[in-house]
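Peer 1: Heads up: the sequence lines are chains A and B, in that order.
FYI, the numbering for the first sequence is 305 to 560, going by this note's numbering.
FYI, the numbering for the second sequence is 305 to 560, going by this note's numbering.
Everything labelled a hint here was simulated from the structure, so no lab data went into it.
Predicted model, so just to flag it, every value in this text is computed and none were measured.
Certain hints may be false.
Any copy will do: because identical chains look the same in the list, a pair fits if it lies in one copy or spans two.
Only pairs whose alpha carbons sit at most 30 Å apart, straight line, appear in this in silico DSS-like list of lysine-lysine [as the list claims (entries may be wrong)]: (1) K367 <-> K395; (2) K395 <-> K428; (3) K428 <-> K367; (4) K428 <-> K396.
2 protein chains.
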Amino acid sequence: MRQRQTLIRLFTEADLRADRPVALTAAQSHYLTRVMRRGAGDSLLLFNGRDGEWRASLASVGKRAMAAWPAEQTRPQPPAAGPWLVFGLLKKGPSELIVEKATELGAARISPVRTARTAAERVKDARLTAHAVEAAEQCERLDLPRIAPLRPLDAVLAAWPTERRLLVAAERAAAPPLATRLLREPSPTSHPDGLLIGPEGGFDDWELDRLRELPFCSLVSLGPRILRAETAAIAALACWQSLAPAGAFDARQQVE
Amino acid sequence: MRQRQTLIRLFTEADLRADRPVALTAAQSHYLTRVMRRGAGDSLLLFNGRDGEWRASLASVGKRAMAAWPAEQTRPQPPAAGPWLVFGLLKKGPSELIVEKATELGAARISPVRTARTAAERVKDARLTAHAVEAAEQCERLDLPRIAPLRPLDAVLAAWPTERRLLVAAERAAAPPLATRLLREPSPTSHPDGLLIGPEGGFDDWELDRLRELPFCSLVSLGPRILRAETAAIAALACWQSLAPAGAFDARQQVE
């Protein structure tokens, strides 16, 4: 729920330092001048995932190109502290919805994977990144989630850093609710958890058996109903955000 | 994440009793025969929000019309126990997304409202209901959320049953996190909470002031980022589902 009248926020790849001008892309220049009717001298906010958020002034540098001059840092760069999301690739619409909502809900890394039952075959990384950029600009995030290329689930599991817990959403399997797991067993390390969501159709039984055997995996339930895969991803991230790591700490403090 | 090979589930308005035939609609008959290639003798599941879930057998009753004969109840009707969702009307796509996901996440009632900053003017109740029916069929819910007609927020607040707590998602206002509120202050009554989500642009300051004064309202935060309105609605319901009422009880038990 954005307030009106907030400054336009844009993501840039460029370094942000006082009075070091930033060239805006053609698409950004078009958006600012044609869509939003901004011009030289107007203010905007810039972030690049490294240097915090900066207020900058617009300047024209040619007929259609705009640049921005960073004036002052409005927020410092916070440490990246979000969970990693691994999800069975879905069709274009739901996959893009997951990336958009996962960005809003603070995921630090998003990995689409191929599993036994994934039906979707391909994904355009550039489109997923574009959705993440737009979501980050709107939700006032100061970094982008890292979007990994599509890989087989096995490859992601083989490369998984074992000190990072991976919570696996398992429907129809006996597993404690995600909230219970987060409150009862906070991650033993300071690494935010990973969350693994299957594709439409869920995991195959042998996949669940394999996941159960991996020491860093814990199966969890997302409630009594059978959620669509994209709903499961959003619900798991929302629950994680509200309970871990700082959330859970606060909540436990107040319950104890 | 649905399993393959599960029976088709359909919502019907008809009563469900053993061997009392149920006429299926033209759309349902078309879906079963043309899209899913089912025919006489095949099994399906029916629910109507009152009589639980029934396994039924398909029968042809004319060239294109199908009927179903309930054979046995597969699940009893559970009591309706979900939260009420009140949301500032959005454009068609995000409003329909909210209804779909709120149905999956167990909302018992969904009320679109007009607020100071809502931009959308109209909503087709029948379309929202169609999204709720499809979501309920897919997520194995046994009832439909009640979808109220669009009304001014004031009218919904004036008619609000005061024994039911209304948790108001307020961005940029000092308010405790929703999870903290749910864990620390469970609803004093047995009525599931209401959740109120503003439109794009949030609530006006005077609206928040009014909401603060209402004895049944409590302001809550949904986290550090500024969520799109539809993300806020989904995240609030996911958090509520995982922590209240049974969830919170379990979680508290295990933390204490």
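Peer 1: Which constraints among the numbered hints does this structure fail? Numbers only, ascending.
Peer 2: 1 and 3
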